[in-house]
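Chains as they are written, first to last, in the numbering used here: chain P, 123 to 563; chain U, 7 to 342.
Because the hints were derived from the structure by calculation, they are not lab data.
Be aware that one or more of the hints could be misleading.
So, partial list: chain P residues that the calculated Cβ filter (under 10 Å) puts toward chain U [to be verified]: (1) Glu448; (2) Gln460; (3) Leu504.
Covered stretches of chain P, as calculated for chain U (at least 3 residues, CB under 8 Å) [stated by the list, open to error]: (4) 133 to 146; (5) 344 to 354; (6) 374 to 385; (7) 540 to 546.
Far from chain P, some chain U residues (derived; all Cβ distances over 12 Å) [claimed, not checked]: (8) Pro50; (9) Pro192; (10) Leu222; (11) Phe258; (12) Leu306.
Bear in mind the structure is a predicted one, so any value in this text is a computation, not a measurement.
All C-beta atoms in this analysis are idealised placements derived from N, C-alpha and C, irrespective of residue type, glycine included.
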Amino acid sequence: MWTRLKFRHGVHPPELKELTARVPIRRVPYPDELVLPLRQHTGKPARLAVKAGDRVERGDTIGEADGYVSTPVHASAAGTVKDVCLWPHPDGSYAPAVRIAVDRYSPQAPRPRLVPDWTRLGPAELVEAIRQAGVVGLGGAAFPTHVKLAPPKDQTIDTVVINGCECEPYLTTDHRTMVEYPERVHLGLRIMMRCLGVQRARIGIEQNKPDAIEAIRAAAPADLDVTVQALDVKYPQGAEKMLIKSLLDREVPSGKLPMHVGVVVQNVASAATIAEVFDTGLPLLERIVTVTGHGIRRPSNLIVPVGMKLGDLVEACGGFAEDAREVIFGGPMMGAAQAHLDTPLVKGTTGVVVLTAAETKPTASYPCIRCGHCLDACPVFLNPQLLGQLALKERWEAMEASHLADCMLCGCCGYTCPSNIPLPQLFALAKAALRRRPAAA
Amino acid sequence: MNAPSLLITASPHLGAGASTPQIMWNVVASLAPVVAAAAYFFGPSAVLVVAAATAGALVTERVFGRRGTLGDGSAVITGILLGLTLPAGLPLWMAFVGGAFGIGIAKLLFGGLGQNVFNPALLGRAFLQASFPVAMTTFPPLAGAGDWWRLRGDNFAWPFASPRALDAVTSASPLGRMKFEQAGTPLSDLVLGTTSGSLGETSGLLILLCGGYLALRNYLNWRIPASIFATVAVLAAGLHALAPARYPGALFMLFSGGLMLGAMYMATDLVTSPVTNLGCWVFGAGVGLLVVVIRLWGGLAEGVMYSILIMNSLVPYLNRWTQPRVFGTRPARPAA
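Next up, chain P with everything else stripped away, as it sits in the complex:
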């Protein structure tokens, strides 16, 4: 079968990755305080397991998984629980969080624990270990990894797809992970393939990262059917549905998940983290984050303990530049602007982009002139023009009928709109309004 390795539509934003693409990953010192929200994943927040005054060692559980689609939260450094309170959350709300005063002068050695030898574990035990380790998708959505690795029995999975696209401008987290830790990515993939009983894997990497493609190809195991595929540089190449379309020419049905076309997609950073979990026996305590933009003095790729506050992170990167104006968690296409320097990084934070005043987007918008650029951009072929008009009239039900549910909030429509209409924001509002709607109505 001939495939073009492409998805249709999408946009070509400037890549802006040169600030950090060649900067090696470095580790930041522990800050004095860490703040760990109990909700760091898609699904039900973790249940609090500590109280103020408790001693915690590095790796101790401070929040337990509450239900199946939930993951535990662990103390990412040894210290004392200062407080459990509402705290600024990266999503813009205030959410329950555990504040830990980090031990000064501590070697931060983890509590000794039995490291399971993954080669002796069966699929179910592997999935359970991954669940206990609090692993979530590190590409941004933070969906609990164990749920994806244990699909319902009636779903046949034939391919694991590893997402190394990193199509968001600025970010180089996955890029550096692939360049510096290619064996970890492959080990994590091997473990996931065992969990799923799958023989075939595809790794998709945008071709603007030739060094990553080379490193991942060089480290590919000979005994597994793993193919590394260079893909077009186009946003949102890294969206699950687009990636599956590009790599396998399969179209995930509207309202369905990748598993319904026999695919499980995992981010490269998630794969590397799974390898680390079985390597060290430690749960997910830190992640790699790109701190970048012209508004930061020293753009860096960092290993950061989960729960580190934005202000501490900025300081670790030399502080703000004179004209810094806006701070975004995640990439500039989908990321959320932050209001507080106290906001902590969570497991799903892929990067921190600091824009200068000149780089921020003007907020003035004009009436829709029906140019149709948004229709040409939408990778799932919606009509953002129509949806936008409906949203302004708060016609949520009509939007639902026009396939609002298929919108991934990727931002392509807002990116192309010459009238600067905040389409993705309107769609997020509509989705929230529909969720709030009483089920009986």
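Once you've looked at the hints, dock chain U against the given chain P.
Relative to the frame of chain P, chain U by itself:
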């Protein structure tokens, strides 16, 4: 650490390309050569007529529109485009009224920029055509040496000073000659613009170039003119092959009258054309078909204006019928 006051805006935090006012002013700029050509062919009257129509549009937008909408450039486009559809000898007050009607009735009454159903310039022209049929179809011959501003008596006629003093020597447009005198016009005249007609009915080649610039920058959907040209060319060529004596050839049909200006600038008006690409193809085909039908079998010599206005009225339906197939759904069904 210096802590900046943090700005909060919604994603995406990057934007692409031109803003709406930039697109509009680019269209204005691309029309400058067309206006200059009209001035070359018809003398200062051309500039005056365009200016009067633009003034009518701008004054109306300023007085009755929302604050600050003059800067978006859309009213200027309406004025210039309307001016280019008028004959050079038209009294300036009529051009002004046309511009005022186009903005006031065809655009602002519908809710302003983005809300109008019909192309404001064309509706302004339709109003003038219905109100002043004689003045609208009195085409002066091209300006010659020695009489560089022959038309000033016509241009400065007082409002409603009727009957109009026809001191212009009239001359039939190529389409009028074809229709009413069964006479042809050399193709080179049509392409270069050395024929009689409205201000923007002259040089087809120039309009093609200026519109092509906009298409290259994606400020207009190239599918619309492509579809219009293809439809007109195929229909005209087919009919010409059947009865060469009765029906003119494809190139004459493409380069005569207002087809170039209509296809490149009027039909492609972003607001009043379909948002879907398939819709644009159908829209263009409809315009092309109607142009051929009106020109060859209708009572008028030229049909571009009405063809586009009729297709404008169908745009909401075209949009509905040509909704793209949502990713992950089976073949498209019409959205409710």
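Any Cβ of chain P at or closer than 12 Å to Pro192 of chain U, or is the non-interface label fine? At about 39 Å from chain P, Pro192 of chain U clears the 12 Å cut-off, so the statement holds.
Verify this for me: three or more residues of the region 344 to 354 of chain P with a beta carbon less than 8 Å from a beta carbon of chain U. Result for this restraint: violated, n = 0.
Using a Cβ cutoff of 8 Å, are there at least 3 residues of the region 540 to 546 of chain P near chain U, or does the coverage claim fail? Holds: 5 residues of the region 540 to 546 of chain P have a Cβ under 8 Å from chain U.
Would the least Cβ to Cβ distance between Leu306 of chain U and chain P come out above 12 Å? At about 29 Å from chain P, Leu306 of chain U clears the 12 Å cut-off, so the statement holds.
Satisfaction of the Leu504 of chain P interface hint, Cβ to chain U closer than 10 Å: 6 Å, holds
Compute the least Cβ-Cβ separation between Phe258 of chain U and chain P, then decide whether it is above 12 Å. 32 Å, holds
Are all C-beta atoms of chain P more than 12 Å from that of Leu222 of chain U? Per Cβ check, Leu222 of chain U is outside 12 Å of chain P; nearest 15 Å; holds.
Taking 8 Å as the Cβ threshold, is the statement that the region 374 to 385 of chain P is covered by chain U upheld or broken by the three-residue rule? With 5 residues in contact (Cβ-Cβ under 8 Å with chain U), the coverage given for the region 374 to 385 of chain P holds.
Restraint: Gln460 of chain P near chain U, CB-CB cut 10 Å. Satisfied or not? This hint holds: Gln460 of chain P lies near chain U, its Cβ roughly 7 Å from the closest one there, short of 10 Å.
Cβ contact check, 8 Å cutoff: the region 133 to 146 of chain P against chain U, three residues minimum: As far as the region 133 to 146 of chain P goes, the hint holds, because 3 residues have Cβ atoms under 8 Å from chain U.
Least C-beta distance from Pro50 of chain U to chain P larger than 12 Å: Non-interface label stands for Pro50 of chain U: nearest chain P Cβ at 33 Å, farther than 12 Å.
At a threshold of 10 Å, is the proposed contact between Glu448 of chain P and chain U supported by beta-carbon distances? 4 Å, holds
Hint 5 from the list above is the single one not met by this structure.
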